[in-house]
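**Student:** Put together the whole structure using the sequences plus the hints.
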Amino acid sequence: MLNDEQLLRYNRQIMLGELDIAGQERLLAANVLILGLGGLGCPAALYLAAAGVGTLRLVDDDVVESSNLQRQIAHGEADVGALKVDSAARSIAAINSDTQVERFAIRADGETLAGLLEGIDLVVDASDSFASRFAVNQACVAANIPLVSGAAIRSEGQVGVFDPASGTACYQCLYPDAPEDADLSCAESGVLAPMVGVIGSLQALEAVKVLAQFGEPLRGKLLMVDGWSLQVRRINLQPAVNCPVCGSR
Amino acid sequence: MLEILFFARLREQLGVGRLQVPYSDAVATLAGLQDHLIAEHGELWAQALQAENVLRAVNQDMAALDSALAAGDEVAFFPPVTGG
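Respectively, the protein sequence lines represent chains A and B.
In terms of our numbering, the first sequence opens at residue 1 and continues consecutively.
In terms of our numbering, the second sequence opens at residue 250 and continues consecutively.
Hint data in this document are derived by calculation from the structure and do not stem from the laboratory.
Think of the CB as a built atom: it goes at the ideal place given N, C-alpha and C, for glycine as much as any other residue.
Hints are supplied without guarantee of correctness; some may be wrong.
To be verified - Where chain B lies over chain A, by a calculated footprint (3+ residues, C-beta under 8 Å): (1) 33-40; (2) 106-114; (3) 123-129; (4) 148-158; (5) 230-240.
**Tutor:** Next comes the structure, spelled out in structure tokens:
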């Protein structure tokens, strides 16, 4: 049940008839894991907290560096040297004391992910490498948890919703060749600050939609954004027949 | 005619975002179209279009290289994206 303060606080969202009080209650009851508190994870975490997601489990083993501040907007100058999960937790607390924050300053990999996903309703993959993207996809398929995946580099990005329960493609279906990460990180290729903001915000939007049961989430589709010309394309995905992760479902 | 679209880093690498190719039997599959583009434009295009994990879509549906093409189709090439 929403109290009077919450009714007022989330009024602009509850006003959306399709979301309503029931949708807001779903958000307040939701447990979301955010993997990576970098350029994508910062805006995603701040918007999910503001929107009233009940619990955010933050996973990142990195510390804030001054070169992060250009785009990682949950971290400030005073946070340089601090763990990203601690810095982001402070920013979230300043926005919404309703949101419980759980901090895990560990590397998410095949060994730790199953435990990290316990009790989680949805994962926002805001990590920065193919290796972790494949690992979290595999863990989400195994645990039957929807995954909102985002990636951004230079002036381009992509967003997708991979929901095992829907029978649509998983992240692995996109990249059968298991790509290398060479030249694909922000440190090597550069990134425009608002590009990660746009993609991270879209991830928050899709997460809210899935959790509140609002609208048409991007299940089975991939949104490609070319910030250079601001062209957007949405492509329809099919599960890969021989996908090693979801093919045997 | 086929409408070809190159997205993001591929557009930058190839120096073109969009072009048209007259439809013929030689470009009746996605693989045929890709071979045609490479034969026409050379090594740089081979490297860009044959790079691992380039995503391809025909009329906004993700497509494999053996997909058939028909006159009027839109074919789009997307680079893999990670980072964040």
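**Student:** In ascending order, which of the hints set out earlier in this document are inconsistent with the structure?
**Tutor:** As far as the earlier hints go, only 2 is violated by this structure.
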